[in-house]
Amino acid sequence: MRVNVPISVGGWARLFTRWDILAVLLILGLLVFLGEASRHLFEPLAELQQQPPSLDPRHLPEYAARTTLRMLVAMVFSLIFTFTYATFAAKNKYAERILVPLLDILQSVPILGFISVTVVFFMELAPGRVLGAEYAAIFAIFTSQAWNMAFSFYQSLRTVPAELEEASRNFRLSPWMSFWRLDVPFAMPQLIWNMMMSMSGSWFFVVASEAISVGNTTVTLPGVGSYIALAIAHQDLKAVAWAIATMLVVILIYDQVLFRPLVAWADRFRFEQEPGGVAPQSWVFDVLRRSRIVERLTEPLGKLWRASLRPRRLDKPLPAKPAPRRSNGWIGVLFGFLAIAVAAYLLWRVAEFFIGAITLGDVGTALLLGLATLIRVIVLIAIATVIWVPIGVYVGTRPRVANMVQPVAQFLAAFPANLLFPIFVSVIVAWRLDPNIWLSPLMILGTQWYILFNVIAGASAIPAELRACGVNFRVRGWLWWRRIALPAVFPYYVTGAITASGGSWNASIVAEVASWGNQHLQAAGLGAYIANETEAGDFHRVVLGIIVMSLYVVLINRVFWRPLYFYAERKFRLG
Amino acid sequence: MTAAPALLDIHGLRQSFPRADGGEHLVLDGVELALQQGQMVGLLGRTGSGKSTLLRLIAGLARPSGGTVTYLGQPVLAPAPGIAMVFQSFALFPWLTVLENVQLGLEALGLPETEIRQRALAAIDLIGLDGYESAYPRELSGGMRQRVGFARALVVHPNILLMDEPFSALDVLTAETLRTDFLELWGEGKLPIKGVILVTHNIEEAVLMCDRILLFSTNPGRIISEIAVDLKQPRNRLDPLFRDLVEKIYVAMTARKASPVAIGTAGERTATIDTVLPRVSANLLSGLIETLAVAPFNGKADLPVLADELHLELDELFPVSESLQLLHFAEIEGGDIKLTDAGKQFAESGMDDRKKLFQRQLLAYVPLAAHVRRVLQERTNHVAPKSRFLDELEDHMSTDDAEGTLRAVTAWGRFAEVYAYDDDSGAFSLENPS
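Keeping their order, the protein sequence lines are chains A and B. The first sequence begins at 23 in our numbering and counts up by one. The second sequence begins at 226 in our numbering and counts up by one.
Don't take every hint at face value.
Below, simulated EDC-like cross-link-like pairs (lysine to aspartate or glutamate); rule was C-alpha separation at most 20 Å, straight line [to be verified]:
| hint | chain 1 | residue 1 | chain 2 | residue 2 |
| --- | --- | --- | --- | --- |
| 1 | A | 325 | B | 332 |
| 2 | A | 325 | B | 340 |
| 3 | A | 343 | A | 591 |
| 4 | A | 343 | B | 249 |
| 5 | A | 593 | B | 472 |
| 6 | A | 593 | B | 647 |
| 7 | B | 581 | B | 566 |
| 8 | A | 325 | B | 325 |
| 9 | A | 325 | B | 338 |
| 10 | B | 457 | B | 401 |
| 11 | B | 563 | B | 472 |
| 12 | B | 580 | B | 561 |
| 13 | B | 569 | B | 556 |
| 14 | B | 525 | B | 469 |
| 15 | A | 593 | B | 332 |
| 16 | B | 473 | B | 409 |
| 17 | A | 343 | B | 254 |
| 18 | A | 593 | B | 648 |
One-sided and incomplete, this derived list gives chain B residues near chain A with beta-carbon spacing under 10 Å [stated by the list, open to error]:
| hint | residue |
| --- | --- |
| 19 | 263 |
| 20 | 282 |
| 21 | 331 |
No lab work stands behind these hints: they were computed from the structure. A virtual CB, placed ideally from N, CA and C, is assigned to each residue, including glycine.
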């Protein structure tokens, strides 16, 4: 299945709309607010010094359980966020104008750089300090999961077939009932795919969010992430190996117990009417479905569920769509005024936060460092393209190979870059390499797989007739690549590359600063800038760095990826 | 029968959409309609005649710009209980089984579970779906899927059944079986419904099924004629009376005045620059000219006979024949189509001469094509962006129509080699790729 585009591709006539500007301001305001709040709360943090976790592998099952729990709790919140935020955006045209650009820009914010700030914020919110750190970790994981899920759900809701929507209104389904009978089932396959991606991606954040140092304070939560951090600090290779093994096991359990059953279950929600392809299998799902005990246990729940769908007397069918008219009326005018007022207020708050604390020179430095990271991202995406596109095409045109490669790639996508620090740092130090160049591969380590995934999907979607035609005309070698393979996978490649590029920016915060024991390496870049300022506890510069990075990501998306996406959709879409 | 109050009353109904230049695009205008108990009324017209829009207004899915829809004395402001719809593409929920799909409307009514099950099974039985209860729609053929669509609509015991081209997505044989089955159940009074409104663009289907047929014009949709069908059921397609009615409808639809045939806004035969053009390929035009030129037609054909011969429905035949008329390759009058001299000449020519002939007719009778060429000639670099013409067209018609019209004129211009169009750059030019 092809992943939906992770950026907003709604209206493309203009590079930026006024709603984008409001969205940018809202997020700036939020960042500034968090930064400000954390700055004031910074002092009491020094009291909190937890017991560092032990490197004894016997603790790993417990750590793994705790980490898993955090990820699952975050997933529940992500689902709640998805069902509410995306539904509101899709069903209310006023909400849509601001919520969609907001989401688009939110997912460009490198939250990895902001974990320290949110930790302080949440710790002050929570009654017990440890609980606050837990909240912060869950929040960080949530931010790595929620955006693309909400985006996929929103896009699905917007493409619910008109006739099905009409049928559900014609048969007077209540809004609640048609949400669960029509909207959610229709969006389910895409949503589950995105949940899997989110789970993979959030490992990166787990490692970063369980062991955080702000200034000279360190907060650690028992978990796989803090175990890895400790192993790196102690230069313990054996512990790193244990951590990798634990992760492998946890990812396998996720796959077998959670995602495979979900995928097998969600197969019924495929919208395509034609039977075809092999239905996904899951032994866990089969066991659950066939088990009498499970059936008995879930029966009351099912009854309750159906009863909740039953209309109450207060339920009215949705009224007819109003006659099409031009003007929005006074609500539209009011909404516009409100938007301007909010924008003005936010602009003022943001300016107030920065004036005096940040000089123009700081901004220039951040922009310049951003340019360095930008060059890294471009070069890395180019290299990953050259490597993975041919491999992806090779794999995708051979279904049997594809079935073997897919799960491996999925595991690799979940693999946090931190685990490779030992190798990279040791090699760079031993051979006296330039960290500016040789630390860079860490940025794309986790994200390059999205290119591979998508190219495989694209190559396996090349129609058999088209391939037969190539064979028939003896189209071979470079001509085959140029005329058949590359055009066919191009739209898929673009989708993958957008994801990879966005993820690489985020990863730079971890990857441009690497350490192994007492050896610390640094590359000049915006990621390192954010990481350093975080360690120094300078919230003004952290916020500045994050804003500049978001700016780069949004600009690259709008100026480069979005036009490329439309071009690919128009020119190379098959069928 | 007539003494009973009408099930449905429609007065002065109109629907319009705002247009880019500030004007409005009228889809449906001045519709008057009353549905009596026990009647089946057909709405017959082409794409763009607003008949599907009308059906959605009746169903309470959309609100009209003007006029009223009254169901059993109450204005329809939301989907009313007692009005159920059968959809062209079935609109079944792929993740629900046949039984669950049929139960859906009953669940929304909040009936007890046992009653839901009983009624659903009864409907499934009635419509001939026994044994398919636990199948998913994707396992069924098109005909079986539409049966589920019927069962789902009938199970809520609606007073009025709305059918939106329910047979047009099916193959000929399946459609016929389904029609016959439906007519049989309806005739025997086994269906829990009191009136039917059928939207179709198939003339024979309308004559076969309906008691009354309303003919719709295009752009905007207006009722141009009402035809009562007094033939006894079951009707025979070969019955001379049946054929007469079909012929009568063709004549009504090709009449000079206020006819849906004239594509022009004011019912004129010649196109102006703001005429909405149908998207018909040059190949199809050539094909029809060739068919008309040879035996058995020899230059002149009765439209119903032609439609039969070529297995074309109203929606397919009319755009082609109208385009021929527009280009003055043929004339349409009184349900007949006749090749002009230019048309005959076209049929006898080889490819190069055909292109020249097409070029001549295109520039002479399609002002938009001539306009595009003139603009290109006037410009020094002989290049003009698509948006230049699109903006101009959107002042006169809806965005969709403008897009479609420009595509039509692009395709014809390409065939005639009058100008070239490059989709990558979105530009018209006078140069052909060398």
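Outcome of the hint check:
no., hint, verdict
1, A:325 <-> B:332, "holds, 13 Å"
2, A:325 <-> B:340, "holds, 16 Å"
3, A:343 <-> A:591, "violated, 31 Å"
4, A:343 <-> B:249, "holds, 18 Å"
5, A:593 <-> B:472, "violated, 46 Å"
6, A:593 <-> B:647, "holds, 12 Å"
7, B:581 <-> B:566, "holds, 15 Å"
8, A:325 <-> B:325, "holds, 15 Å"
9, A:325 <-> B:338, "holds, 10 Å"
10, B:457 <-> B:401, "holds, 18 Å"
11, B:563 <-> B:472, "holds, 16 Å"
12, B:580 <-> B:561, "violated, 26 Å"
13, B:569 <-> B:556, "holds, 12 Å"
14, B:525 <-> B:469, "holds, 19 Å"
15, A:593 <-> B:332, "violated, 45 Å"
16, B:473 <-> B:409, "violated, 26 Å"
17, A:343 <-> B:254, "holds, 19 Å"
18, A:593 <-> B:648, "holds, 9 Å"
19, 263, "violated, 23 Å"
20, 282, "holds, 8 Å"
21, 331, "holds, 9 Å"
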